[in-house]
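Chain order of the listed sequences is G and B.
The working numbering puts the first residue of the first sequence at 1, with every later residue one more than the last.
The working numbering puts the first residue of the second sequence at 1, with every later residue one more than the last.
In case anyone wonders, no lab produced these hints; they're calculated from the structure.
The reader is advised that the hints may include incorrect statements.
[Said to hold, decoys possible] Distance condition first, Cα-Cα at most 30 angstroms in a straight line; then the derived DSSO-like pairs of lysine-lysine: (1) G/Lys156 - B/Lys5; (2) B/Lys5 - G/Lys172; (3) G/Lys46 - G/Lys79; (4) G/Lys168 - B/Lys51; (5) G/Lys172 - B/Lys51; (6) B/Lys72 - G/Lys168.
Just so you know, these numbers come straight off a predicted model, no measurement behind them.
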Amino acid sequence: MKKSSEKIIEFTIVYNRYKKRLLNYVLSLTGNKMHSEDILQNVFLKYFDNMDSLHDKSKSHIWLFKTARNEIYGYFRSKRSKADQFNTQNIDEIIEPVEGKDLYTEYELREIKEIIMKELSEMNIEQREPYLLKEYGGLTYREISFIIGIEEKTVKSRLYKVRQKLIKKISKIV
Amino acid sequence: MLSEKIIELINRYFDNETSKEEDMYLFNRLSSNEEGREYFKSMTLLRETTKQSEVEVPQNLEEQILNSIVSKQRSVKSYL
Chain G
1 MKKSSEKIIE FTIVYNRYKK RLLNYVLSLT GNKMHSEDIL QNVFLKYFDN MDSLHDKSKS
61 HIWLFKTARN EIYGYFRSKR SKADQFNTQN IDEIIEPVEG KDLYTEYELR EIKEIIMKEL
121 SEMNIEQREP YLLKEYGGLT YREISFIIGI EEKTVKSRLY KVRQKLIKKI SKIV
Chain B
1 MLSEKIIELI NRYFDNETSK EEDMYLFNRL SSNEEGREYF KSMTLLRETT KQSEVEVPQN
61 LEEQILNSIV SKQRSVKSYL
């Protein structure tokens, strides 16, 4: 067994690397800040309990996202609702002040962000999940394919379709 | 004219799934393709705006998680 200090250091490295990505992925699916934070905590506590049995540490992020996904679906089940009926109700909490002003005005950027978030929240979960795992998780097609359990070509086609929809929407204002 | 191949390549470029050769081919094509450049700009805007929607992990949650880990580790040690 590893020394406790070594284990905590190892945990902290993984935690710092993935905490934000995981939180944003979870929050974008549940739309609920409080539940998302609970899920994040559960995922990391489970990770700590299972660290010693993970043979390939370079794949820790896949374990984390897969576990987070299971937790999200557990949350959906506990609410006795179908996942694709969930909307991001607390959308205002997701939207932060805009800083970039290079190409577009602050107002335009805020409007674009609101359109993107609204459009994503109205898509069903199957459609938007690859996009969220890609944009927030920074995962590869292969990793997303493994986590969701769909073929790589399906990951790609869902990503393209979501982007096409979003680009079509935002092109009306830019 | 914006071909499916260029759209697919731009998407893969943004997903870090292209080779260096493909990147060179893409930028070569974009230099003479106005619609392609527009699509590329839209993808950049989409990526940046989505990134801007990210939230930070709240400080109190960080403390809660890290404290739970430390106390878990303590309880294992005292058991051993």
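(message) Does G/Lys79 sit within 30 angstroms of G/Lys46, going by the straight-line distance between their CA atoms?
(response) 22 angstroms, holds
(request) Quickly compare the C-alpha distance for B/Lys5 and G/Lys172 to 30 angstroms and report which way the hint goes. (result) Cα-Cα ~24 angstroms, so holds.
(request) Given the hint that G/Lys168 pairs with B/Lys51, test it: the Cα-Cα distance must not exceed 30 angstroms. (result) Judged against 30 angstroms, a Cα distance of about 19 angstroms means the pair holds.
(message) Can you confirm whether the C-alpha distance between B/Lys72 and G/Lys168 stays at or below 30 angstroms?
(response) The given pair, whose Cα atoms are some 50 angstroms apart, is violated under the 30 angstroms limit.
(request) Decide if the proposed pair is consistent with the structure: G/Lys156 and B/Lys5, CA atoms, cutoff 30 angstroms inclusive. (result) 13 angstroms, holds
(message) Need the status of pair G/Lys172, B/Lys51: alpha-carbon distance at most 30 angstroms?
(response) It holds: about 21 angstroms lies between the C-alpha atoms, which stays within 30 angstroms.
The structure shown violates just one earlier hint, number 6.
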